[in-house]
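Visitor: Chains as they are written, first to last, in the working numbering: chain A, 136 to 710; chain B, 1434 to 1523.
Keep in mind the hints are simulated off the structure, nothing from the lab.
Remember, predicted model here, so these are calculated numbers, not experimental data.
The reader is advised that the hints may include incorrect statements.
Stated by the list, open to error - Label-pair ranges, simulated between beta-carbon atoms: (1) A:L588 to B:F1502: 36 to 42 Å; (2) B:P1444 to A:V442: 33 to 39 Å; (3) B:A1501 to A:V676: 29 to 35 Å; (4) A:G275 to B:A1505: 37 to 43 Å; (5) B:A1441 to A:A237: 50 to 56 Å; (6) A:H216 to B:A1505: 51 to 57 Å; (7) B:V1498 to A:L485: 52 to 58 Å; (8) A:P708 to B:L1516: 52 to 58 Å; (9) B:L1522 to A:L431: 42 to 48 Å; (10) A:R527 to B:S1457: 48 to 54 Å; (11) B:P1444 to A:H216: 50 to 56 Å; (12) B:L1519 to A:L485: 42 to 48 Å.
What the hints assert, rightly or not - Short derived list, chain B residues pointing at chain A, Cβ under 10 Å: (13) I1460; (14) S1462; (15) L1506.
Glycine included, C-beta positions come from ideal geometry on N, C-alpha and C.
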Amino acid sequence: MILGALAMVAANAAALLGAWGLLERVRTGRAGVDAVLFLLLRFLLVSSAVLLAGLVHLLRPGALGLAGLAALGGLAALGIHRRLPSFRRPRWGVGWTILALAVLLRFLLQIWFFAPYLDDTLDYHLPKIAEWVRAGGFTGELGVDARSTFPAGFELLETWWVVFLHHDLLIELAGVEVLILAAASVFALASELGWDPRTAGIAGALFVMTPAVQFQATSCTNDGAVTALVLSSLALGVAGTGPLLLIPLALGAGVKPTFLYTLPGLALVAALFPRGEGAGPKTPKLLFAVLGTAVLVGSYWYLRNAVVYGNPIHPMGPGGMKSPTAGSTLQRFGPSLKALEENLSCLFDLRIYDAQRPPDALCTVGFGWGATGFALGSLALVPLLRSEALLRRLALGIAVSGLSVLALVELDLWFCRFLMFAAALPALALARLWDRYRFVPLLGGAAILIQFLSTMVPGNMSAEVFRSLVRQSWKNRAARAAPVETLDQTVGFATDDFGGAYSLYLPSYSRRVVYVRDDTIEALISHLRRESATTLYVSGVMLRRRALLEEGVRRGRLRPVTHGAWKGYAVVPDP
Amino acid sequence: MRRTPARAFPPEVWEILTAAVLLSWRIRSLPISTLWHDWVTVMAVFWIFTALAARTRAWPAVLGVLMAFLSALYFFHQVPQSLALLGSLR
Chain A
136 MILGALAMVA ANAAALLGAW GLLERVRTGR AGVDAVLFLL LRFLLVSSAV LLAGLVHLLR
196 PGALGLAGLA ALGGLAALGI HRRLPSFRRP RWGVGWTILA LAVLLRFLLQ IWFFAPYLDD
256 TLDYHLPKIA EWVRAGGFTG ELGVDARSTF PAGFELLETW WVVFLHHDLL IELAGVEVLI
316 LAAASVFALA SELGWDPRTA GIAGALFVMT PAVQFQATSC TNDGAVTALV LSSLALGVAG
376 TGPLLLIPLA LGAGVKPTFL YTLPGLALVA ALFPRGEGAG PKTPKLLFAV LGTAVLVGSY
436 WYLRNAVVYG NPIHPMGPGG MKSPTAGSTL QRFGPSLKAL EENLSCLFDL RIYDAQRPPD
496 ALCTVGFGWG ATGFALGSLA LVPLLRSEAL LRRLALGIAV SGLSVLALVE LDLWFCRFLM
556 FAAALPALAL ARLWDRYRFV PLLGGAAILI QFLSTMVPGN MSAEVFRSLV RQSWKNRAAR
616 AAPVETLDQT VGFATDDFGG AYSLYLPSYS RRVVYVRDDT IEALISHLRR ESATTLYVSG
676 VMLRRRALLE EGVRRGRLRP VTHGAWKGYA VVPDP
Chain B
1434 MRRTPARAFP PEVWEILTAA VLLSWRIRSL PISTLWHDWV TVMAVFWIFT ALAARTRAWP
1494 AVLGVLMAFL SALYFFHQVP QSLALLGSLR
């Protein structure tokens, strides 16, 4: 693990220095926008490195560490390290610095003590990462969950943070990284509106204190990444950076199709803030290479689905996506006025109050925007939208993006997580009024304190899981412990709809998991035997395959087992 | 030069009309007794007040009172939820 840690340091140093080297060629000269570009370029470099390493089966700490060292040598030879900027202390006051340090410290604790805990992540986001890291490359296997073929741009970033240690201890760093991008984007937006650096810094900090945004950072889901990429697109759009806007657009499309739902508002902002004279980089070849890489990284998942399934948005079709067993609509396809009306009513009648549950990463039955958004920032928006024309244009774009999203998603308990980018508006407005009236920092300070305290533990992490996570050693920490009876064995996994196969790989990604899709008991048994799997674990109600498995039990080929919380079948040896 | 009808009214009139439309939507869709703690209603009323009295000395005071009121409304519902969660962890 020490060698892995050294490889991680070398590769990250190379990614940072490489991003800086690229930034030197495309920079705008405006600090806020350049910070966003730097973080986007790092995101792009890391994503393309993991994608390439996965495709050529070099997704291993040694290979990536050596590549990082070689890249560092090349960048040093170009003298890029000599042109790095010196650290400048932010001039936003002691209170904000203390808050930033407290949030940073809390993130470190959450990263250490949390393991992936959300069903969606355990079911279909993370099994593919586990498979890639275990195998040292892309195996073609993404898992059997119905949603496993969704775009996985954020998973590339998460893979970066686990591949070196061959362990998921630091996996939440990917979410923190995109939260920093989101904060930098809000800072850039405020700067481009002509506000001073202190106000811009406060706006970024207020956005970070949004409860749902806080929890997204450590939840391993990709909605935080979508939020960050929408905000960075807005920042580059407001700054009029021209073609560079394609970087967050391409990366966003590769993270999650819901990013594309925000395009009408992003296009409006780009149109309302025309490109400045001489804006944009002057190095067309390099720009073409950067933008081409971004498009390749972003479109990879759609191309893969087109080749494998003949449908770039598989498993979505013209009728949306249905539950494989229940048949209910999980996701709609195309806009609907009815969906817009239902979602708007639900949002304004119920969700914005955050009154039904403590906050969590998925905005479960709430918006998760905190009192700073609900009570302070929203009221601050009223006078500012009247007096500031540029803010009005930005707000119009964000509103159009929000309406577009609401017309395109199904009403469910969690739809507000697609709107988290909108929390940037009240954050901007509250920051603008922060120094104008004495009561604003008083009320804002109290709200921030309560929001900080209420974001220690996510509302959808049960007390049982929390206590279990805190008690476990970091090496074995898992929200859903793997069955101890088969720790050193290859195991099979089957589900008809959704399934949490991730935990079976173990936190160290040291166990092989065989996904079973066979339709006859003979094929299933022979598949498991061929792969040396002695136990098949199942998840969900198994409406389709239950009869098959029961037939296996009846014929004496399988024996039902219960290993802790896991249900499954042991393969009965031949007599 | 002839003025277009839109220019015949000061912008404040259009703002008040828009806020009034929002207000009438809430009056039509919610029981009257619940309007005092409806976020959209509070925002619409504050918008009308701002359009009429943004330059008065009362405006910052009203802003402060409404911010405190909405904060109290938010925390009244939210804090017990978070306390219950934190209490369950012991």
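Visitor: Does each hint hold? Answer for all of them.
Guide: To see whether the hints hold, each was checked on the structure:
no.: 1; hint: A:L588 to B:F1502: 36 to 42 Å; in the structure: 22 Å, violated
no.: 2; hint: B:P1444 to A:V442: 33 to 39 Å; in the structure: 55 Å, violated
no.: 3; hint: B:A1501 to A:V676: 29 to 35 Å; in the structure: 50 Å, violated
no.: 4; hint: A:G275 to B:A1505: 37 to 43 Å; in the structure: 56 Å, violated
no.: 5; hint: B:A1441 to A:A237: 50 to 56 Å; in the structure: 55 Å, holds
no.: 6; hint: A:H216 to B:A1505: 51 to 57 Å; in the structure: 53 Å, holds
no.: 7; hint: B:V1498 to A:L485: 52 to 58 Å; in the structure: 25 Å, violated
no.: 8; hint: A:P708 to B:L1516: 52 to 58 Å; in the structure: 55 Å, holds
no.: 9; hint: B:L1522 to A:L431: 42 to 48 Å; in the structure: 45 Å, holds
no.: 10; hint: A:R527 to B:S1457: 48 to 54 Å; in the structure: 24 Å, violated
no.: 11; hint: B:P1444 to A:H216: 50 to 56 Å; in the structure: 54 Å, holds
no.: 12; hint: B:L1519 to A:L485: 42 to 48 Å; in the structure: 24 Å, violated
no.: 13; hint: I1460; in the structure: 14 Å, violated
no.: 14; hint: S1462; in the structure: 8 Å, holds
no.: 15; hint: L1506; in the structure: 7 Å, holds
In summary, the numbered hints that this structure violates are 1, 2, 3, 4, 7, 10, 12 and 13.
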